[in-house]
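Let chain A serve as the given structure and place chain B on it in line with the hints.
Number of protein chains: 2
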Amino acid sequence: MTTDATSTTVTDEAVNSLAGTADPRLRELLTGLIRHLHAFARETRLTQEEWERAVSFLTATGQTCTDTRQEFILLSDVLGLSMLVETINGDRAPGATESTVLGPFHMTESPVRRLGENIDLVGGGEPCAVSGRVLSGDGTPLPGATIDVWQADGNGFYDVQRPDLQPPGNGRGLFTADAEGRFRFRTCVPSPYPIPTDGPVGDLLRATGRHPYRPAHIHFIASADGHAPVTTHIFVAGSDYLDSDAVFAVKPSLVQDFELTDDPSLARELGLPNPFRHARFDLVLERS
Amino acid sequence: MTTDATSTTVTDEAVNSLAGTADPRLRELLTGLIRHLHAFARETRLTQEEWERAVSFLTATGQTCTDTRQEFILLSDVLGLSMLVETINGDRAPGATESTVLGPFHMTESPVRRLGENIDLVGGGEPCAVSGRVLSGDGTPLPGATIDVWQADGNGFYDVQRPDLQPPGNGRGLFTADAEGRFRFRTCVPSPYPIPTDGPVGDLLRATGRHPYRPAHIHFIASADGHAPVTTHIFVAGSDYLDSDAVFAVKPSLVQDFELTDDPSLARELGLPNPFRHARFDLVLERS
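Keeping their order, the protein sequence lines are chains A and B.
Here the first sequence is numbered in this note's numbering, starting from 1 and rising by one per residue.
Here the second sequence is numbered in this note's numbering, starting from 1 and rising by one per residue.
A few of these clues could be false.
Said to hold, decoys possible - Using C-beta positions, here's what the derived DEER-type ranges look like:
hint, chain 1, residue 1, chain 2, residue 2, range
1, A, Glu286, B, Pro252, 53 to 63 Å
2, A, Asp257, B, Gly209, 49 to 59 Å
3, B, Thr47, A, Asp257, 26 to 36 Å
4, B, Asn155, A, Asp164, 47 to 57 Å
5, B, Gly95, A, Leu26, 34 to 44 Å
6, B, Thr8, A, Pro24, 25 to 35 Å
7, B, Phe281, A, Arg45, 24 to 34 Å
8, A, Thr108, B, Gln48, 12 to 22 Å
Honestly, the hints are just simulated from the structure, not real lab data.
The beta carbon of each residue, even a glycine, is placed where N, CA and C say it ideally should be.
Only chain A is shown next, with the shape it has when bound in the complex (with noise of 0.2 Å):
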């Protein structure tokens, strides 16, 4: 029984009810919740009339929810949470490739396709060719390693969003690398893209005068036997937002040149128009 008024009253009362919970990890996770939760309530002492539009809006952010669409991601990723949590866990070894945050659009299965293949099927934009290796901290090329990759269109849409524009598995590919460890594909130069405003995200985008757009950028993830897969974009160098992406994500050892590349014989072997835009990376792996 609250036998005071006082407010750390009930926040003891709180975390002392989880006694009883089993797993330590899920008590120490719901003690700090709790503690922080009633900590930002009494320090803004929030009103009834807040936390009633709180619950709105995370019952409509909820209820946005469908099975291609996740709310609840975007809103992580503009408050800053996403990439708090991928920096948190992302301490990678000098040298190897850095984390960024995966995004509400990873979320249906990314084609197999061969290296080379094109993953834009609409022509969606200036075409262009993706390529490196996949190596281990110490250099050695990663034959066999897969590399998930999943961009959005010329429009700025990601399949999902526009299924009644893109086929299904568009700006999507699973690729192997080859025995070198090289991987190789084309695209569309990626544009900057707002994030989905026509939800309750949306809503506290415009509240905070804050723009939903993305700098131009492709989504990575490069796994391999023996090694810790890696999460990534690139960026496209001189993107519009790259110092005010909606959801904090650019780190500057992930923005790549998509240099102008004159190379006949290439342009045909990736077939290509001559002059072409190339962009050549290598994703570097840390053993496990």
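Just chain B now, with coordinates in the frame of chain A:
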């Protein structure tokens, strides 16, 4: 751009992104939210997998909400947040009726009823009378005050939870105090009951080894012109779970005797068998 991988950088970036917020209170609330949410993640070293489970839990919580069920209020209740917000905002003059949580079941309008009417439309338990006065802080009666009442039936369910067994408005009534500020109605003595455990909040209670029960209570919102309304309960003295309410809402001043009363003429007047149980208390409002 996150120029290094330290976890405080992304926190500052997220807080700084709020610089264009038009409403200073919203900026204050979101700044506090981001700082506490990030501190929670840093202190617990929240993993990606735990973050994913939290996203799934919040999504399921939102998707459990319907027109007649509010799982986020329930979550706030079992974390002690609802009671904390009540406590922060419920500072009352000595002698004024203390407030407690609204709870998730005040979601339909209570039917207007005449004083003395029975709100137990299904014969759900031991019949009783509830009566008292609505008073101002100085003891002046408040004629025309409204008393909004809601309670679970003898099986522990609100009308909205069991539309198959209870007519709409069962256990609910909106009463108007008479010329002396008096109110009275008939009902059944409430029983302890479990909060709904078939959703995400039930999973949380099971994982933390907590029982879902609330001690027996009746909800009230009392309002009168020129006074601050009070949202509160009365709890049945001697009920189980007074010391371990699943939502931490018990205050000693709100516990009331449902006294066995032997008074044949009052029983006749109230339309109850003699002897009968009778809860008598005043609701005291502060001038606004």
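Verification of the supplied hints:
About 58 Å separates the C-beta atoms of Glu286(A) and Pro252(B), a value consistent with the hinted range of 53 to 63 Å. Hint check: Asp257(A) to Gly209(B), Cβ distance near 56 Å, so the stated range 49 to 59 Å holds. The hinted window of 26 to 36 Å between Thr47(B) and Asp257(A) holds, with their beta carbons roughly 34 Å apart. Separated by about 49 Å at the C-beta atoms, Asn155(B) and Asp164(A) satisfy the suggested range of 47 to 57 Å.
Distance hint for Gly95(B) and Leu26(A): a CB-CB separation of about 43 Å, consistent with the stated range 34 to 44 Å. Between Thr8(B) and Pro24(A), the C-beta spacing of about 27 Å keeps the proposed range 25 to 35 Å intact. The hinted window of 24 to 34 Å between Phe281(B) and Arg45(A) holds, with their beta carbons roughly 30 Å apart. Restraint check, Thr108(A) to Gln48(B): a C-beta distance of roughly 19 Å satisfies the suggested window 12 to 22 Å.
Checked against the numbered hints given earlier, the structure satisfies every one of them.
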